[in-house]
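**Student:** Each chain is listed here by its residues.
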Amino acid sequence: MKELESVVIRFSGDSGDGMQLTGTQFSNTSALMGNDISTFPDFPAEIRAPQGTIAGVSGFQVNIGATHINTPGDEPDVLVAMNPAALKANLAALSKNGTIIANVDAFNELNLKKAGYAANPIGTPELDGHNVIKAHITEQTLKALENSPLDNKEKGRCKNFYALGMTYFMFSRDLEPTIKWINEKFGKKPEVAQANITTLKAGWNYAETIEATVSTYSVAPAKIAPGKYRQINGNISTAWGFLQAAESAGLKLFLGSYPITPATDILHELSKFKNFGVKTFQAEDEIAGICSSIGAAFGGALAITTTSGPGLALKGEAIGLAMMYEVPLVIVDVQRGGPSTGLPTKTEQSDLLQALYGRNGECPIIVVAASRPNDCFHMAYEASRLALEHMTPVLLLTDGYIANGAEPWKIPDVAKEYGKIKTHLVDGKKPLEEPYLAYKRDEGLVRPWAVPGMPGYEHRIGGLEKAQNTGNVSYDPKNHEEMIHIREDKVAKVAENIPLQTLEGDDKGDLLVVSWGGTYGATHMAVNKAREQGKKVSLMHLRYLNPMPRNVPEILGNFKRILVPELNLGQLKSVLNARFQCNAVGYNKVQGLPFKISELVEVINRTLEV
Amino acid sequence: MTEVPQYKKKDFISDQEVRWCPGCGDYAILSSVQMAMTKLGKKKEDIVFVSGIGCSSRFPYYMDTFGMHTIHGRAPAIASGLKIHNPNLSVWVITGDGDGLSIGGNHLIHALRRNVDLNIILFNNEIYGLTKGQYSPTSQVGLVTKSTPYGSLDRPFMPLSLALGSGATFIARTIDTDPKHMSDVFLAAAAHKGVSFVEVLQNCVIFNDAVHDKQTNKATRDDTTVRLENGKPMIFGKEKNKGLRLNGFTPEVVTIGENGVEEKDLIIHNETDYNISSMLTRLGGGDLPVALGVLRNVSELSYEVQIETQNQAVTEKKGPGSMLKLLNSGETWEVK
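Residue numbers (this note's numbering), protein chains in the order written: chain Y, 3 to 612; chain W, 739 to 1074.
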């Protein structure tokens, strides 16, 4: 039996083959068995892309480990290929000597042609070096289900469980959690549940039978901090973070949103929590999504809106209005490949400049970014806290990679870690001694929050330029300039209300890697590897992008070189260079794919040699 | 619950100087709304006016209530969010033919479809005023404006037909020269549970003066408008002797006492009859009078009330939400 530190498995097949389900089951079981995990679903934009083609390939990659796992892994060690297209799409990514479990039943003339193979690659030099397990997954599934009352089409659909069963044997996974899950999921259709369980076991037994020719892998439980854990993906983590923030602030949560990939799951998730008093509103478009939230914010809600890049473009004018009103509002942008419709199901970090600057006029807002799936909870809470404490819109950036990716999460002690959020709501019951001044500011330049229903606080707000204190419309040139500066300073002052920037590695050195958002897993691992090799490299991963923590300029000054790897053409790099004149260089990739650890290690070494 | 104070009109006049053009129809509408507010039965602090962009949209600044001057076309969406969050508020949307039917058309039809309990007042002057005189989605074909020097080619919307087609449960029309009628219609709109849509025929003295002259001019108005009363026959005219009769499905103007026509032959207004409401929205061409008053008024559950009900039902079934329970739900494991 092989003992491994970590292993990367990719399940790949047609988008109708149930690969996401198979991958999720494998991940859940592994997490329950004490492994650290990180997952990466990768699916086509079309719900039913043409069967058997490269365009229709749906994949789910999971990295399981006996040590800390921070990314879904660079190269799969094991590839489950349910058809020729899945093999063709993934072969290049597979590690040298990697194992391929191929469903040879699907390698027929038609499927080979659809995948663009002139001849069957199995048994040819193309797969040399790989350990190919030729499994008759379709045929064996049907045989195992000979006595099942299901029809042949339904039986065929069980084949993903056969593949899953095989991998469970190979990695000594416990069958029980999946059997339990199948029984719950298909409780109303016992014959389907039974067929799936039979197939799962058949796959296991087959793998056991052919053990002679396969090295069985074993991955020991990971050494992670003691505590109670659960698995969570980024979108659910985001949704729950807002639930927590609403509870901490004592406010009702309102979400106005329009469905868009890959952000929609936040709407799905929050629409379940009616017993938390959450109101979700599926609006007629992106603009109505944010506008309904602005209305709710004026009414005294913790108001949020969720979207992805193209939707953020549509919301720009309304973000300006919320900034001008100075109402609390959180906008979530789950970034995807752009521009325009771009690559809806793929990941990218190319909305940073849109988040910082994508509005008319001088329109500063707070921008924060989550670093990994379980950090989305924390950053959704933080975004809400800052919006409420500073009476301003806050933009939370996540991305498709961390939104869909899952990892274990040590369940936080919310009473301790996510305490009360103090809002600027006025005491509406106290009679006013003088007229209410809606734009009278405190030392943080923050205005009070009076909402409809409070007698004596009747006031009007608008998008036109306003006079200090009263908020009355003002066209006075000097006042306009003053107000522009006040709004700018107000956001700048938020730096006093966020944690100082921390570093991974030494305070000084040859190279500072600066990253932000969902690339954290890869930059963290790459910097660690370089440090293990004795390199004087540190990592500064930014979660607060506007304003940045106060000590960022000082940190930048302590390193000879600055490298900013980003999944865009250098957006943060440009901001850092413009703001701090720090001569940062970029490493940029825009393929809709996350960074590999290995490529970053290479870039770090190359940069150090310059 | 404290009682609603006895308000006077001046209680609803804000300290802001009103800046519409002298002679603008908006002044009369503002005054009628302020009058209506005194009889609303709602406390001042529970009233919110929400507007978009345009001449009409300056309205909230002049009302001494809560108010939001928003962005172009988006008032129905913003008002929907506010009303859903706090169903106790009396929420009014002030919009115009450009704001509500052009840039904001999508939000308007969806607010109507959902039946959010908003009172939407659309000032229809068939022109863009604030941008200084371009044709609007309600301008008549052929209208010469700054952007249509050779006449407009666009076919106009009929706002009430659009509202009805969008599923509005209350539609009405009134006119800026009749303060009493306006006030009554606004109060009827407020009394209606669910969305209310009121078109006000409004005059723009600068860019489209006298556009509704036929319906406002003393000499012609009695013959060009019919004032609707639920359950009553549709009679109009200076002599109160004209009426509307159905010829098949088509309305026609008849004179009582001529050709054997009697009052009982006339159409009886029924605010809940979709076909009557639909016919009324299109009146106005030829010798047919423009319908004023409440064209439709039916009772359907409001959207925001249904949301509350659903939330309560789920809470009763599942118990109040708890973060602690949620975080520990599903599959968890201990690491020692």
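Hints should not be assumed to be uniformly reliable.
[Stated by the list, open to error] Restricting the straight-line Cα-Cα distance to at most 30 Å, the calculated cross-link-like pairs of lysine-lysine (DSSO-like) are:
no.: 1; chain 1: W; residue 1: 918; chain 2: W; residue 2: 931
no.: 2; chain 1: W; residue 1: 777; chain 2: Y; residue 2: 432
no.: 3; chain 1: W; residue 1: 746; chain 2: Y; residue 2: 254
no.: 4; chain 1: Y; residue 1: 442; chain 2: W; residue 2: 782
no.: 5; chain 1: Y; residue 1: 190; chain 2: W; residue 2: 780
no.: 6; chain 1: W; residue 1: 1074; chain 2: Y; residue 2: 230
no.: 7; chain 1: W; residue 1: 1056; chain 2: Y; residue 2: 182
no.: 8; chain 1: Y; residue 1: 422; chain 2: W; residue 2: 1056
no.: 9; chain 1: Y; residue 1: 431; chain 2: W; residue 2: 777
no.: 10; chain 1: Y; residue 1: 432; chain 2: W; residue 2: 1055
no.: 11; chain 1: W; residue 1: 1063; chain 2: Y; residue 2: 422
no.: 12; chain 1: Y; residue 1: 431; chain 2: W; residue 2: 1074
no.: 13; chain 1: W; residue 1: 1063; chain 2: Y; residue 2: 431
no.: 14; chain 1: Y; residue 1: 191; chain 2: W; residue 2: 747
no.: 15; chain 1: W; residue 1: 746; chain 2: Y; residue 2: 424
no.: 16; chain 1: W; residue 1: 1056; chain 2: Y; residue 2: 254
no.: 17; chain 1: W; residue 1: 781; chain 2: Y; residue 2: 431
no.: 18; chain 1: W; residue 1: 781; chain 2: Y; residue 2: 412
no.: 19; chain 1: W; residue 1: 1056; chain 2: Y; residue 2: 431
no.: 20; chain 1: Y; residue 1: 274; chain 2: W; residue 2: 746
no.: 21; chain 1: Y; residue 1: 274; chain 2: W; residue 2: 777
no.: 22; chain 1: Y; residue 1: 431; chain 2: W; residue 2: 918
no.: 23; chain 1: W; residue 1: 1055; chain 2: Y; residue 2: 422
no.: 24; chain 1: Y; residue 1: 442; chain 2: Y; residue 2: 531
no.: 25; chain 1: W; residue 1: 1055; chain 2: Y; residue 2: 431
no.: 26; chain 1: W; residue 1: 931; chain 2: Y; residue 2: 187
no.: 27; chain 1: W; residue 1: 748; chain 2: Y; residue 2: 442
[Stated by the list, open to error] Heads up, incomplete: computed chain W residues facing chain Y, CB under 10 Å, no partners named:
no.: 28; residue: 776
no.: 29; residue: 849
no.: 30; residue: 1045
Rather than coming from a laboratory, the hints here were simulated on the basis of the structure.
All residues carry an ideal CB built from backbone N, CA and C; glycine is no exception.
**Student:** If a hint holds in the structure, say so; if it doesn't, say that too.
**Tutor:** A quick look at each hint next to the structure:
1. For a cut-off of 30 Å, the pair hint linking residue 918/W to residue 931/W stands: about 22 Å separates their Cα positions.
2. For a cut-off of 30 Å, the pair hint linking residue 777/W to residue 432/Y stands: about 27 Å separates their Cα positions.
3. At most 30 Å may separate the alpha-carbon atoms for a hinted pair to count; residue 746/W and residue 254/Y exceed this at roughly 35 Å.
4. Taking the CA atoms of residue 442/Y and residue 782/W, the gap is near 23 Å; set against the 30 Å cutoff, the hint holds.
5. With a CA separation close to 52 Å, the supplied pair residue 190/Y and residue 780/W exceeds the 30 Å bound.
6. Pair hint residue 1074/W plus residue 230/Y holds up; C-alpha atoms about 9 Å apart against a cutoff of 30 Å.
7. Between residue 1056/W and residue 182/Y the alpha-carbon distance is near 23 Å, which keeps this suggested pair within the 30 Å criterion.
8. Among the hinted pairs, residue 422/Y with residue 1056/W is consistent with the structure: their alpha-carbon atoms are about 25 Å apart, no more than 30 Å.
9. Distance hint between residue 431/Y and residue 777/W is fulfilled; the C-alpha atoms sit about 25 Å from each other, no more than 30 Å.
10. Restraint check for residue 432/Y and residue 1055/W: the C-alpha separation of about 37 Å exceeds 30 Å, so the hint is violated.
11. Our distance criterion of 30 Å between C-alpha atoms is met by residue 1063/W and residue 422/Y, whose separation comes to about 19 Å.
12. About 51 Å separates the Cα atoms of residue 431/Y and residue 1074/W, which puts this hinted pair outside 30 Å; it is violated.
13. Under the criterion of a C-alpha separation no larger than 30 Å, the hint pairing residue 1063/W with residue 431/Y is inconsistent with the structure, at around 34 Å.
14. For the hint pairing residue 191/Y with residue 747/W, the CA-to-CA distance comes to about 67 Å; that exceeds 30 Å, so the pair is violated.
15. A distance of roughly 38 Å separates the Cα atoms of residue 746/W and residue 424/Y; the hinted pair therefore is violated under the 30 Å criterion.
16. For a cut-off of 30 Å, the pair hint linking residue 1056/W to residue 254/Y stands: about 18 Å separates their Cα positions.
17. A distance of roughly 14 Å separates the Cα atoms of residue 781/W and residue 431/Y; the hinted pair therefore holds under the 30 Å criterion.
18. A hinted pair counts as satisfied when its Cα atoms are at most 30 Å apart, and residue 781/W with residue 412/Y does not qualify at roughly 49 Å.
19. For the given pair, residue 1056/W sits about 33 Å from residue 431/Y by alpha-carbon distance, which is inconsistent with the 30 Å threshold.
20. Among the hinted pairs, residue 274/Y with residue 746/W is inconsistent with the structure: their alpha-carbon atoms are about 46 Å apart, more than 30 Å.
21. Restraint check: the Cα-Cα separation between residue 274/Y and residue 777/W comes to about 41 Å, which exceeds 30 Å; the hinted pair is violated.
22. Taken as a hint, the residue 431/Y and residue 918/W pair is broken in the structure, with Cα atoms around 36 Å apart against an allowance of 30 Å.
23. Of the pairs offered as hints, the one joining residue 1055/W and residue 422/Y holds, with about 28 Å between alpha carbons and a cut-off of 30 Å not exceeded.
24. In summary, the hint linking residue 442/Y to residue 531/Y is not supported, as the alpha carbons are separated by about 53 Å, beyond the 30 Å threshold.
25. Taking the CA atoms of residue 1055/W and residue 431/Y, the gap is about 34 Å. The hint is violated against a cut of 30 Å.
26. A distance of roughly 42 Å separates the Cα atoms of residue 931/W and residue 187/Y; the hinted pair therefore is violated under the 30 Å criterion.
27. Taking the CA atoms of residue 748/W and residue 442/Y, the gap is near 26 Å; set against the 30 Å cutoff, the hint holds.
28. Violation of the interface hint for residue 776/W is found here, the shortest Cβ-Cβ separation to chain Y being roughly 15 Å, above the 10 Å cut-off.
29. Below 10 Å, beta-carbon pairs count as interface contacts, and residue 849/W has one with chain Y at about 9 Å; its hint therefore holds.
30. Look at residue 1045/W: its Cβ gets to within about 6 Å of chain Y, closer than 10 Å, so that hint holds up.
In the structure shown, a violation is registered for the earlier hints numbered 3, 5, 10, 12, 13, 14, 15, 18, 19, 20, 21, 22, 24, 25, 26 and 28, in ascending order.
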